[in-house]
Structure formats: structure tokens, C-alpha cells
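Q: Residue numbers (this note's numbering), protein chains in the order written: chain X, 85 to 459; chain B, 85 to 459; chain W, 85 to 459.
Hints were generated in silico from the structure; no laboratory data involved.
Even glycine gets a Cβ: it sits at the ideal position worked out from N, Cα and C.
One or more of the hints may lead you astray.
As the list claims (entries may be wrong) - Across the chosen pairs, the derived CB separations fall in these ranges:
no.: 1; chain 1: X; residue 1: 442; chain 2: W; residue 2: 120; range: 43 to 49 Å
no.: 2; chain 1: B; residue 1: 243; chain 2: X; residue 2: 91; range: 36 to 42 Å
no.: 3; chain 1: X; residue 1: 442; chain 2: B; residue 2: 122; range: 46 to 52 Å
Below are the chains, spelled out letter by letter.
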Amino acid sequence: AWKGAPEFKGDNGWSFKPRGRLQLDAGGVDAPSGLDETSSNHLGVSTELRRAYLGFDGTMPGGFGYRFEVDLANSSVAINDMYLTYRVNPKITLALGNQKPNTGLEDQTSDLFTSFMERAAFTGAFGFERRVGLNAQYLGKDVVLQGGVFSDDPNSLNSDYDKSWSVDGRAVYMPKLAGGTLHLGGSVHWRTLNDSITTVTYQSRPFVHTTDLRLLSGGVTGATNELGLGLEAAWIKGRFHASGESYWQKVRRTGFADPTFNGGYAEVGYMLTHDETAYKNGVFERIRPHDGFDKGGLGAVQLNVRYDWLNLNDAGIVGGREQTAGISAIWMPTDYVRFILNYGHIWVKDSPVLVNGTDGTYGVDSMGMRAQFDF
Amino acid sequence: AWKGAPEFKGDNGWSFKPRGRLQLDAGGVDAPSGLDETSSNHLGVSTELRRAYLGFDGTMPGGFGYRFEVDLANSSVAINDMYLTYRVNPKITLALGNQKPNTGLEDQTSDLFTSFMERAAFTGAFGFERRVGLNAQYLGKDVVLQGGVFSDDPNSLNSDYDKSWSVDGRAVYMPKLAGGTLHLGGSVHWRTLNDSITTVTYQSRPFVHTTDLRLLSGGVTGATNELGLGLEAAWIKGRFHASGESYWQKVRRTGFADPTFNGGYAEVGYMLTHDETAYKNGVFERIRPHDGFDKGGLGAVQLNVRYDWLNLNDAGIVGGREQTAGISAIWMPTDYVRFILNYGHIWVKDSPVLVNGTDGTYGVDSMGMRAQFDF
Amino acid sequence: AWKGAPEFKGDNGWSFKPRGRLQLDAGGVDAPSGLDETSSNHLGVSTELRRAYLGFDGTMPGGFGYRFEVDLANSSVAINDMYLTYRVNPKITLALGNQKPNTGLEDQTSDLFTSFMERAAFTGAFGFERRVGLNAQYLGKDVVLQGGVFSDDPNSLNSDYDKSWSVDGRAVYMPKLAGGTLHLGGSVHWRTLNDSITTVTYQSRPFVHTTDLRLLSGGVTGATNELGLGLEAAWIKGRFHASGESYWQKVRRTGFADPTFNGGYAEVGYMLTHDETAYKNGVFERIRPHDGFDKGGLGAVQLNVRYDWLNLNDAGIVGGREQTAGISAIWMPTDYVRFILNYGHIWVKDSPVLVNGTDGTYGVDSMGMRAQFDF
Chain X
85 AWKGAPEFKG DNGWSFKPRG RLQLDAGGVD APSGLDETSS NHLGVSTELR RAYLGFDGTM
145 PGGFGYRFEV DLANSSVAIN DMYLTYRVNP KITLALGNQK PNTGLEDQTS DLFTSFMERA
205 AFTGAFGFER RVGLNAQYLG KDVVLQGGVF SDDPNSLNSD YDKSWSVDGR AVYMPKLAGG
265 TLHLGGSVHW RTLNDSITTV TYQSRPFVHT TDLRLLSGGV TGATNELGLG LEAAWIKGRF
325 HASGESYWQK VRRTGFADPT FNGGYAEVGY MLTHDETAYK NGVFERIRPH DGFDKGGLGA
385 VQLNVRYDWL NLNDAGIVGG REQTAGISAI WMPTDYVRFI LNYGHIWVKD SPVLVNGTDG
445 TYGVDSMGMR AQFDF
Chain B
85 AWKGAPEFKG DNGWSFKPRG RLQLDAGGVD APSGLDETSS NHLGVSTELR RAYLGFDGTM
145 PGGFGYRFEV DLANSSVAIN DMYLTYRVNP KITLALGNQK PNTGLEDQTS DLFTSFMERA
205 AFTGAFGFER RVGLNAQYLG KDVVLQGGVF SDDPNSLNSD YDKSWSVDGR AVYMPKLAGG
265 TLHLGGSVHW RTLNDSITTV TYQSRPFVHT TDLRLLSGGV TGATNELGLG LEAAWIKGRF
325 HASGESYWQK VRRTGFADPT FNGGYAEVGY MLTHDETAYK NGVFERIRPH DGFDKGGLGA
385 VQLNVRYDWL NLNDAGIVGG REQTAGISAI WMPTDYVRFI LNYGHIWVKD SPVLVNGTDG
445 TYGVDSMGMR AQFDF
Chain W
85 AWKGAPEFKG DNGWSFKPRG RLQLDAGGVD APSGLDETSS NHLGVSTELR RAYLGFDGTM
145 PGGFGYRFEV DLANSSVAIN DMYLTYRVNP KITLALGNQK PNTGLEDQTS DLFTSFMERA
205 AFTGAFGFER RVGLNAQYLG KDVVLQGGVF SDDPNSLNSD YDKSWSVDGR AVYMPKLAGG
265 TLHLGGSVHW RTLNDSITTV TYQSRPFVHT TDLRLLSGGV TGATNELGLG LEAAWIKGRF
325 HASGESYWQK VRRTGFADPT FNGGYAEVGY MLTHDETAYK NGVFERIRPH DGFDKGGLGA
385 VQLNVRYDWL NLNDAGIVGG REQTAGISAI WMPTDYVRFI LNYGHIWVKD SPVLVNGTDG
445 TYGVDSMGMR AQFDF
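Extracted from the complex, chain X is given alone in its bound form:
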């Protein structure tokens, strides 16, 4: 079978499929004049390889399976999904290795299928990343339950000084409702830094990833542990979807007050062509155009609008606040090729990046384009 690349199947449960992905971005950021020189250099139009994944998927006799994938986009090796799985029964799967902790709807959705080039600001800000751990998933008819124990990301684990670990869980209820699918979910994250890390830094890029500018940035010293709570809701029906999340991250500190930061988004999207938004098992999936280039058509087009917020001010920490209004157009000429054009306006308050050395309240415009294929 062809799933972008050929999937080979053998007797007794053998299967094997190469995996690859390229996301090529161009983006531009426009901010008020008067930023310091270092920040100004981050403005303007830049291009980057956003992601360049290479790897393999497979299953083996006896219920085992694996994914082995790295991201080479930054001319370096970033370990991506890299784990061994065991299928206890048709509903329960264990995964051991580097994987996403059980974060929320948008973070669990593949970056191939998000509605905008980048996920919501809080996702990057609160340090969501793949970590090495043991995870269990129960997949019922209209319920997903996930829970696991994690250490840190593989690169951080290159230092044996890092003794941090976390417990992460998520629950999703996804009944049919009014001809569509309702998605309600929540996640909890508790992480001890275990005296081996003492500062956590939360920061965010302005809507696109092509720039290294961080309009919001808050460093929390004396940190001992993190407690995160996420709420998710969505409704998907045919061409239409609406979704939203809110996430609270609290940091325990020794000798200081404990700040709680919050971020989230609300979004609606609509297919302009007679195609369906794809959702399954608690995440958004690949949209398959009815009339793609491969059938002589022009493919599928989706429009999305989003409101996104992030607040890194609390308990004496002033990392800044931002609200973003975003709009995106996604063109999928075939199942495995996608182009995104998106624009966001960001209202910033209390930013550590100052205009004329004094003003942390201003507006920023961000524009981005992406070309993508995967197999």
C-alpha cells in the first residue's frame, strides 16, 4: 500500500514504512521602529527549513511496533518520535521511548495537519516537547485515556546531571453530536525539576517560526516543580470545525511566590471546497481532497481564523502579555502536499523587547508561507 511511501507488509504482523517530511517556510515580521539593534535584526523576511523528518515505522510479530524518526532541519540531529510500542490488546497500547507527553488537542495533532503554520503561543511558551518515558493509551469507542511517566528530552539527557521527571495524563471524550463529533478533553502535567534544574524560561515567537525574536519571555528562578492543567473543546462536522484550548502552568519556587501563567486559543475553520475536515481518536488528521491534482482537480482549500492569547505576567514575573488575531488559507493539491499562507496581528503588552528603550506595548504584524510534503 502507498501511504506517501510504500508500506511493506509480511506474514504474522510484519510491516515497514519509510517516513519523511519537509516543511519549507518563508516569513516576515514587522514591528514598530525603535527596537534595539539585536531585536531589529530579527525583523524582515527570512526563510528556513522548518522541519525535515527522516525515519521509519514498523510492526513486528508478537504485538511489538516502533517508530524511529529524527528532525534534521537545523543542520543538526533532533530526536523526534523514537519508541518501541506493545499492543496489550486492541484498545491498550504501551509506548516506551521518546514521545509527546500527553498534552492537548493541537500539540497531539501532527504538525502536518495544524490549522496554522505554528501552534498556539502557549504550546511553545510552556515548553511542550517530546520526552523519554513510558506511556499507556486506552482507546475506546468514544474515549481516549493517556497516562505516562517521563524524564526529559534526549538532548537534555546527554547531561547525566538532569534528574527531572514528570507525570502526564490526558482524557478525551468524543461522542457524536448534532451530526458531527464533539471533542472534550483535559490534561494534567506535573514535573519535578528534582534540584537538577533551577530556572525555567517561558517565551514565545511572534506567530511565525522564521524569526528568533521573542516578544514575550519570562525566566522563573528558584523553580522546583511545574503543575500544568489544560482544557480542550472542539466540534467537527463536514467542512466545518471549531476548537479551543486553555492551559494554566504553575511554577513552584523556593523563597518566592508561585506564578501561574495562562494561554490558549479559539478557532473556527471551513473548507471552501466540498471536502471534509478530518478528526479521529482525539486529534485532527490528514485531509484528503476529493478532487486533487491526481484526479485532474485543484485540490482542497481551508480557511481558518483564530484568536490566541498568552499571559506571562504573574507573582512578580513580568514576561509580557499578548493577544493575536490570525487568519490562514491552506491549499492541499493532493493528500501529501500542502501550502499554507497565514497572517497574524499581535497586540503586545509589558514586552521585555522595548520600543525606544521604554515602551513594551505595541503591535506587530507577522506573515508566513509554507510548502510541505510528507511520506
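Dock chains B and W against the given chain X, drawing on the hints supplied.
A: Chains B and W alone, transformed into the frame defined by chain X:
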């Protein structure tokens, strides 16, 4: 079908092929005694993994295709060809991503099929490299036209400060002539550094890549843009080929005179065995021995001689001048395995690498060997 | 055919197989209190990706073959096996490229099939590693002969200053004896640093690799060459195996006495399930459980105990001495999945890592767990 590795094909235009390449070099450089210690340490015999490519090629329904390839030889990740293609019609193809700008005959020819272990000195000196961009190619019966817009190489793009971009075009006319194929071509390169890069450095290794010595090196400060012009000619008939290129690179500077540097080569080659040199669509291709090891024979052998020159002296810049006489023997026991032995004598003038602290005019001998396979 | 991943075969000797491997480790080290802070930070429980291999194997018409493999576990590229082979006849094979020099039984055995998570202390201490070279192997009915010339590892070769090279040979005699197989072997290593390297450092981790602590460490300055001698013995019959090695490494120095260091191990292992230990052609091989998960069984279990020693004290160098008693349990639910649990107690003497700033004689406990799959 087997093309080194298996190529898998499916209905509707699906195809997929793994790609790999290893070039293992040994080389030695002999220079007059009296070089400073740092330079002397670069002399003598060294071995290196010259190239170690890993990747995939594929095509997808709807006219799309891709190449995904990295070079891991330096124990690091160098992004190689990494792009999405779209076939507008049988003659016109677009490519978006990291690829070679439309440079000359030898640079466009795969490093698997060059006549010497390394390309002409000007290729490395003038900074030919893959860059991220959008390129179009028209392939007619005896014409190739290429044109595109490019930013920088992926590693440089990791800094969002880099705002340089270029326009690169090439035209080739390749009619049948006197029982062989004539190749006439030209290329133009215009690159603005866009105030984000201010110095360009042109330098070259002495004929082999196993050493890090640069006998010629010229740094041009205050640079604002580059203008390059290349001319190509070749004639290929059966066992024989002759080829040559000349390339002029001009650097615009603020507050200084604008230097124009030049380099090129002229070469003839002959198959000692009853095999044919391979040329197609504006580049040299894989030579396939009639009597390879796989058929009980000894494979194909090609002899090449070359004159190569590079002049990095102009407008007050003294990067040095060099002329090289080179000879190579290439043994191809099968289609996908190749051994090269080559020797070059280099006459250097005005080199920044001095003998006894004063003399920049001397001779250098370089010897190199390569073992190579690919799939 | 499926060998973890599909192996593709074509006419005339074509074949191709993807290769991958993941080893995920958790380990803990417990030492007396009173270590300096840097050393103390290496203690406690850590996790790491021990190995993450990605690559390809293949054969080509005409007797050629290759392996191309990298280790990405440290979020960087380490070149692994990467070579071209040529089969002169059914008994003699040449290999050119990065490969293991002809070291001893345990080092030649794949890390997939060792009896403990880590090889014997001397293997790491004496700098066994893959190097770029040309090697020949003769494989007779009960004899293996290996000999080759090597430069250095690919990463070191990135510096063209490195002119070191070595000659390495190994001979194994493996007759049937008393219903089992006897293994007797020896290896010789001679390496000149060729005035391009002047210090060699021998050191070892405490039984597990998850820590960066080195209880033993000896730097030998003024080194000019290394002479190594290894002896190997084993007997394998059905469920049982016993094996042992001893290795002497002598360093020639200018202006100092020449130290000779020694290390080795003796081990016995037994399959608790009705399975056989696997040995072939001078190395241990993959154990294939009779009743694996794929057949409704529980897989194979092996118990191993080992005594390991290392002495880095000689001729005025005081790198320390250690003896380790180790025990391991290996569970193989299927041919391609393996879990290891092992524990070691280490008696250290003259360690450069001091307790309370003065005491180099103490005991250390190490515990480790591994999950592994490969294809």
C-alpha cells in the same frame, strides 16, 4: 527496478527509491619546506570520508516529486538536495527547496561523475553551494533553460539575520555535431548580500579535499553584491570528451574598487576500454561499463588530463593566483562502484601562505585516491 | 524475507535492507558520600538513548556490498559501520571504510547481543572504536583470520592534522568440542600516533553508560605508539556458554617508562528457557526464542554472571584499579526485542575520584535496565 537500490513503483505515478553514497578519500600534499607550523600540519597524507549521503527520491500522483538527502560525512548534518518538485508539463519542472543554483557544467554534474576527485578550483572558491529557492527548468530537444530565485544555504539560514538572496540562470545548447554532442552554455549569478553579510571570502584547497590548507584566500570586506558570469563548452563522442569552463565573479563594494576574479579549466578525457562517456541534458552522467565485474570483465577505465586556473588578485585584493596541471585515472568495475587516482601539480603566485615567511611563489604536488559506491 | 525489516533481493546479486536500532537505558550509580560535587552530580538515576542506529545494507552484482549506518543517539551524528566490501571468493572478503578493527570476541560481537548492557571495562578503557581502514577476512570451516590497516575514527579525521595509523590482526580457532563449540582467539594491535597525537587517555565508566563518571582514568603523555595484545576463549553448548578475555595495552613514550595496562573478564551464562545461545564465525549472534510472543509464548530468558577487572596503574601512571562482579538477566520476548536488567558491584582502588578528598579505595553499586529493538 534496481538502480543501485530498489526503486518501488505504484499506480498513478507513485515511486520511491532510497539513496546513499559513500566517497572515501586518501590524499597527500607536498609543499616546499619553510611553511609556518599551522600550514605545515596540513601537509602529508590524510584520509577522510568525503561524502556520506543518505536520503530518498520519490514521485507522487498529480505531478509532484521530491528528493530528501543529507550528507553526514563530517559527523554532522549537511542538508543536501531537499526539495519538492512539480512537473508542469513534460518539458517544464519547478523545484522548491534546497538545490544547486544554476551554475555551470561541472557543478551541475553529480559529484559521482566528475573527471577528478574535486571540481575545478573556481567552483569551491566562488562559493558554489546548494541554496534554498524556487527554480524552473525547461528541457527541450537540444536546449536546457534554468532560472530561479534563491536565499542562502540551510545552515546559514539558521540565523534569521541572513537576508541575502540571489537570481541565478543558465542556458545550454546541445546539438549533435560531427557524430558527437556539442555542449555550449552560459550562466549568470546575481546576489545581493542585503546589508546582512558584509564580507565574502574566496579560497581554494590544493587539488584535493583531504587537506584543510588554502593556498589561495581572499577576503573582500564591504561587499554589497556579487555578479557572476560563466561560460561552458564541451564535445562528447563515444570514448572521448573535451570540456572547459571560465567563470568571472565580480564583487561590488562600498567605498572600495570592485574586484573581478576569474577561474576555469580545460580538460580532455578518453576511455581506455571500449566504453562510452555519458552525457545527457546538460550534464555528464553515469558511465556503465560494457564488461563489468558483474559480467566477468574488469570494468571501464577513463584517463583525463586538465589545466585549471584561478586568479584571486584584483583591485587591491591579493588572494593569490594558481595554475594546476592534473591527470586522473578512473576505474569503474561496475556501474555503481568507482575508484579514482589523480595527481596535480600547482604553480602558486602571491599566496598568503608563505615559504620562510616571505615567498608566496612556489610549487605544490597533490595526490589523491577515492573509493566510491552509491545507490 | 523479513529480518526485522524487509530484505529486498533482485537478480544477479542485488539486495537491500534498511537497518535500525534503538537502545533505551535507565541506570543508577551509588557511591560513598563524600565525593566532590562534580562527581556527585554524576550519581543517581539517569536515562539515556544509548544507541539509535539508522542505515542500510546492500549487495551489488560483481561481488560488491556495503553497509551504511550512523548512530544518532546523542542528538549528533556518529559514523558507525560505513564501508564497501568485495567478496574475493566465498572465503575471503575485503572491506574498505569505517569498521571495527580486529579486536576481541566481545567487541566483535554486535552490541545487540552482548551479555551485559556494556562490554567489559577494558573495551572502553583502551579506546576500542571503529576506524577508517582496509581490512581482509578469511573465513574457513573452523578458522577466522582478520587483518587490516587503519587510520582513525571519522570524527578525528575531520582534523587533517591526525596522521595516526594502526595495524590490527586477529585469529580465531573454533572447533567442535564435547558437543559444543570451542572458541580460542588472539588479537594484536599496533598503532603509531605519528607525532600527531601526544597523549592517550584510558578511562572507564562504572558498569553502566548512563553516567559520565569515570572512576578510573589515566592520561599518558609523551605517547608515541600503542601495542595491544588480546587473548580470547569461550565454550558454547546449547543453553550454556562460558567466555573470557584478557587484554594488555602497552604505551611507548619518549622520555618516560612505558606502562602496560591490563583488563579482562570471565563470564558464564545459561538460558533459563529451552533456548540456545547463538555463536557463529567467531562472535555471538542473535538468540531466537523457541516460544516467543509471536508464538503465544513468553520468550527466552538468559542469566549471566561475570567477573571483570581493569588495572590502569603502571610505570608511574596511577589511573586506578577496579574489579567488578556483575549479574544480568536478559529477556527476549521475540527475536528483535530485548530487555536487560543488570547489576554490578565495583571495588575501586587508587581511583582519581576521591572520597572526602583523600580516599581512592571504595565500593560502588551500579544498576541498569535496557529496552531494545532492531531491524
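Q: Confirm or reject each hint.
A: Do the hints match the structure? See the list:
1. In this structure the hint that residue 442 (chain X) and residue 120 (chain W) lie 43 to 49 Å apart at CB holds, the actual value being about 47 Å.
2. Remark: the range hint 36 to 42 Å for residue 243 (chain B) to residue 91 (chain X) is upheld by a beta-carbon distance near 39 Å.
3. With their beta carbons about 50 Å apart, residue 442 (chain X) and residue 122 (chain B) fall inside the hinted range of 46 to 52 Å.
The earlier numbered hints are all upheld by this structure, with none contradicted.
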